[in-house]
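Fit chains B and C to the supplied structure of chain A, relying on the hints for placement.
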Amino acid sequence: MQVPIEYYLILSAFMFSVGVAGVLIRRNAIIILMSIELMLNSANLALITFSSFMGNSIGQIFAFFVMTVAAAEAAIGLAIVIAIFRNKLTVNIDQINLFKW
Amino acid sequence: MLTEFGKIFIFILVAILFTIIAIYAAKLIRPSRPTKEKLDVYECGENIEGTPWVKFNIRFYVVALIFLIFDVEVVLLFPWALTYQDYGIYGFLVGIIFLVVLGLGMAYEWRKGDLEWARPTPKKVDVKFEKKNLLQTNSQINVESEN
Amino acid sequence: MPQNSQEILLMLPHVVIGVGIVISLLIEMYSKKSETILPWISLFVFVFAGVHSIINISANQILFGGMLEVGGKPAIFNFIFNIGAALLILNSIDYIKKYESNHGEYYILIQSAILGMMVMAGSKDIFMIFIGLELMSIAFYVLAGINKKKSSSNEAALKYFLLGAFATGFIVYGIALIYGVSSTTSVDSIIQNFSTFTQNILFIVGLLLFIIGFSFKIAAFPFHMWVPDVYQGSATTVTGLMSTTGKTAAFSVLLIILSASLINYNIDIFAPYFAVIATLSMLYGSIVAIAQKNLKRMLAYSSISHAGYMAIGLAAANSEAFSGIIFYLAAYTFMNIGAFGIISIIEKQNDANTDLTAYAGLASKSPILAAFMSLFMFALAGIPPLAGFFGKYYVFISAIEADLTWLAVVGVFSSVISVYFYLRLVVYMYFKESEKDIDLHIDKYSLLSVVVSGILVIYFGISPDSLLNLILSVVN
Numbered sequence: 001m002q003v004p005i006e007y008y009l010i011l012s013a014f015m016f017s018v019g020v021a022g023v024l025i026r027r028n029a030i031i032i033l034m035s036i037e038l039m040l041n042s043a044n045l046a047l048i049t050f051s052s053f054m055g056n057s058i059g060q061i062f063a064f065f066v067m068t069v070a071a072a073e074a075a076i077g078l079a080i081v082i083a084i085f086r087n088k089l090t091v092n093i094d095q096i097n098l099f100k101w
Numbered sequence: 001m002l003t004e005f006g007k008i009f010i011f012i013l014v015a016i017l018f019t020i021i022a023i024y025a026a027k028l029i030r031p032s033r034p035t036k037e038k039l040d041v042y043e044c045g046e047n048i049e050g051t052p053w054v055k056f057n058i059r060f061y062v063v064a065l066i067f068l069i070f071d072v073e074v075v076l077l078f079p080w081a082l083t084y085q086d087y088g089i090y091g092f093l094v095g096i097i098f099l100v101v102l103g104l105g106m107a108y109e110w111r112k113g114d115l116e117w118a119r120p121t122p123k124k125v126d127v128k129f130e131k132k133n134l135l136q137t138n139s140q141i142n143v144e145s146e147n
Numbered sequence: 001m002p003q004n005s006q007e008i009l010l011m012l013p014h015v016v017i018g019v020g021i022v023i024s025l026l027i028e029m030y031s032k033k034s035e036t037i038l039p040w041i042s043l044f045v046f047v048f049a050g051v052h053s054i055i056n057i058s059a060n061q062i063l064f065g066g067m068l069e070v071g072g073k074p075a076i077f078n079f080i081f082n083i084g085a086a087l088l089i090l091n092s093i094d095y096i097k098k099y100e101s102n103h104g105e106y107y108i109l110i111q112s113a114i115l116g117m118m119v120m121a122g123s124k125d126i127f128m129i130f131i132g133l134e135l136m137s138i139a140f141y142v143l144a145g146i147n148k149k150k151s152s153s154n155e156a157a158l159k160y161f162l163l164g165a166f167a168t169g170f171i172v173y174g175i176a177l178i179y180g181v182s183s184t185t186s187v188d189s190i191i192q193n194f195s196t197f198t199q200n201i202l203f204i205v206g207l208l209l210f211i212i213g214f215s216f217k218i219a220a221f222p223f224h225m226w227v228p229d230v231y232q233g234s235a236t237t238v239t240g241l242m243s244t245t246g247k248t249a250a251f252s253v254l255l256i257i258l259s260a261s262l263i264n265y266n267i268d269i270f271a272p273y274f275a276v277i278a279t280l281s282m283l284y285g286s287i288v289a290i291a292q293k294n295l296k297r298m299l300a301y302s303s304i305s306h307a308g309y310m311a312i313g314l315a316a317a318n319s320e321a322f323s324g325i326i327f328y329l330a331a332y333t334f335m336n337i338g339a340f341g342i343i344s345i346i347e348k349q350n351d352a353n354t355d356l357t358a359y360a361g362l363a364s365k366s367p368i369l370a371a372f373m374s375l376f377m378f379a380l381a382g383i384p385p386l387a388g389f390f391g392k393y394y395v396f397i398s399a400i401e402a403d404l405t406w407l408a409v410v411g412v413f414s415s416v417i418s419v420y421f422y423l424r425l426v427v428y429m430y431f432k433e434s435e436k437d438i439d440l441h442i443d444k445y446s447l448l449s450v451v452v453s454g455i456l457v458i459y460f461g462i463s464p465d466s467l468l469n470l471i472l473s474v475v476n
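Residue numbers (the numbering used here), protein chains in the order written: chain A, 1 to 101; chain B, 1 to 147; chain C, 1 to 476.
Calculated from the structure, these hints are not laboratory results.
Idealized CB from N, CA, C, for every residue including glycine.
Everything hinted at is true.
Straight-line Cα separation of at most 27 Å, DSS-like style, residue types lysine-lysine; simulated pairs:
{"no.": "1", "chain 1": "C", "residue 1": "149", "chain 2": "B", "residue 2": "55"}
{"no.": "2", "chain 1": "C", "residue 1": "98", "chain 2": "C", "residue 2": "436"}
{"no.": "3", "chain 1": "C", "residue 1": "293", "chain 2": "C", "residue 2": "432"}
{"no.": "4", "chain 1": "C", "residue 1": "149", "chain 2": "B", "residue 2": "112"}
{"no.": "5", "chain 1": "A", "residue 1": "88", "chain 2": "B", "residue 2": "112"}
{"no.": "6", "chain 1": "B", "residue 1": "38", "chain 2": "B", "residue 2": "27"}
{"no.": "7", "chain 1": "B", "residue 1": "112", "chain 2": "C", "residue 2": "150"}
{"no.": "8", "chain 1": "C", "residue 1": "150", "chain 2": "B", "residue 2": "55"}
{"no.": "9", "chain 1": "B", "residue 1": "112", "chain 2": "C", "residue 2": "97"}
{"no.": "10", "chain 1": "B", "residue 1": "112", "chain 2": "C", "residue 2": "33"}
{"no.": "11", "chain 1": "A", "residue 1": "88", "chain 2": "C", "residue 2": "348"}
{"no.": "12", "chain 1": "C", "residue 1": "98", "chain 2": "A", "residue 2": "88"}
{"no.": "13", "chain 1": "B", "residue 1": "112", "chain 2": "C", "residue 2": "32"}
With the Cβ distance kept under 8 Å, some of the chain C side facing chain B (calculated, not the full set):
{"no.": "14", "residue": "22"}
{"no.": "15", "residue": "25"}
{"no.": "16", "residue": "29"}
From the structure, some residues in chain A lie toward chain B, with a derived Cβ separation under 10 Å:
{"no.": "17", "residue": "3"}
{"no.": "18", "residue": "60"}
{"no.": "19", "residue": "61"}
{"no.": "20", "residue": "64"}
{"no.": "21", "residue": "65"}
{"no.": "22", "residue": "67"}
{"no.": "23", "residue": "68"}
{"no.": "24", "residue": "70"}
{"no.": "25", "residue": "71"}
{"no.": "26", "residue": "72"}
{"no.": "27", "residue": "74"}
{"no.": "28", "residue": "75"}
{"no.": "29", "residue": "76"}
{"no.": "30", "residue": "78"}
{"no.": "31", "residue": "79"}
{"no.": "32", "residue": "82"}
Isolated chain A (complex conformation):
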């Protein structure tokens, strides 16, 4: 018996919502970065689900691209966080307030 497609989609929508909530609520830059990764991975889950249920492979290839781009983005993000930590010794975005938000 196969798990119906709705289950996967609900799981991916739930992951996406957790990611969005994490970005909006958490104040630590690293945790915000992790929440963004969660959002991208929920999109990957949705892509692969659609791809396997529709029987065409475009979605899986796209998921590969999303993964690699997410890695590049995470690397850039961590590099920026390191640069800011060297200057300000904090990664709390409430204390990074040279300009008002």
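Relative to chain A, chains B and C alone:
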């Protein structure tokens, strides 16, 4: 009718319920008389020094970042390795271009010195000053050992 | 795979910039004086790509098995991106020394960003939109924080990165849902079956997430919170690039959605969304800009309100709007690059001289800079014989034709408000005595860039038909 996943799900439920019931039953039954010694992290008497949140040297992060990028880019090579023969010389060249660009990034990092394990360069200090410094530290050590 | 020499010729702009990046990287690795060589290489690459695109504008073709479109509409965008970038490179040569981050990487990253934009503008597949967007955004995240010793630059980079990556999350999830319903990623086949797909709620949600993601990138009102901080904190030349070409690239993608509702008549489900965004952005940007003392921050709010004017066209969703938005984007790019160019000339170390007061009495110190700054301010405000006026005019006309007269009225009202803060700068330059002594050093390349932008703004203003006919010839 249960599927294989359903059985696993029941196992998980039973495991979670068992843990919760066991922990709470123990908590209800057992006596609770905490003392300062019992609440210490090391009950054998070692005192705590500082926090366990040690700051790692920043150079670990640089290596981790480089690893992150090059590790994940390999994902694109697996599908290519499986199918490039179907596309003849063109399929081969596409992969080679990708690898050359990756290699170029690698060479760039190497050239810029991000792969070297940066050691703190020894400072050139005035010899006399250094001697005086040494003497000072020696005398300090002496004082400390006397104490 | 390129089939013949004709196709290779057409994809030359992309190839030249790609090869330019590799060569610049090699020069950066092995040359000690890379920062003096690289500006000229990137300048050559950009001018070549821009001129090549505009010459081959009629040769419209789709390459790489339905992935990338060259010639036609993308050619106009490529022209805007490349000429804008070339002008900013001219500014950067002097400015980036003042900003204390004179590295060759700066030029390599600009080339990558422009390549990403060109891929976005020419994409015929959702894949390509995503790849181009990320190529552009990642380069911009680094460019915003190019001076890593400077707190303001760091902060701008962090804020831009967090909100940009957040928007990317929305876009990717939207793409996943769109793909799930349409089971293809080809833009053309999605547009053809648009009316059947729109009956599926998942498709609407996916498209909405996609549009929200791009609303972040165009800096429209409810998603604008990163704009002022990032524009103020980044290097002035980088801000110039982000606010003009970056916005143009995001709009080039939104225009695809517009063309979807153009081909399938009477399906503009997102018109109310764009109308609300346009109204809020215009009014918010114009009103808050009045309170700003910092010129870069003021132009950031002005950028929000300009995004609102362009979104009027998206709400109107007719063919006039299509050409109007492209005209507006071209005009906005050149007048904003000119304005940021002058700011970059006057700015000194440590973000000094970006306040309004630094411009007091500029007319007596440097009449030519003051004249050009007033020209750009008049153009941004939309005063008649200049490019900015015709951009607004075409967009408002399209709104009136689409029975959205109230939106055009709000637009005119907001323009009237915005005249106040644009002209305040002109008043400062001509009618105020300078309070502090500012030694002006006018670099000749920066001046050249400002003059070229000024000439383009005047030319598009005096004969808007020349550009508009070009746009109309590719749109139809």
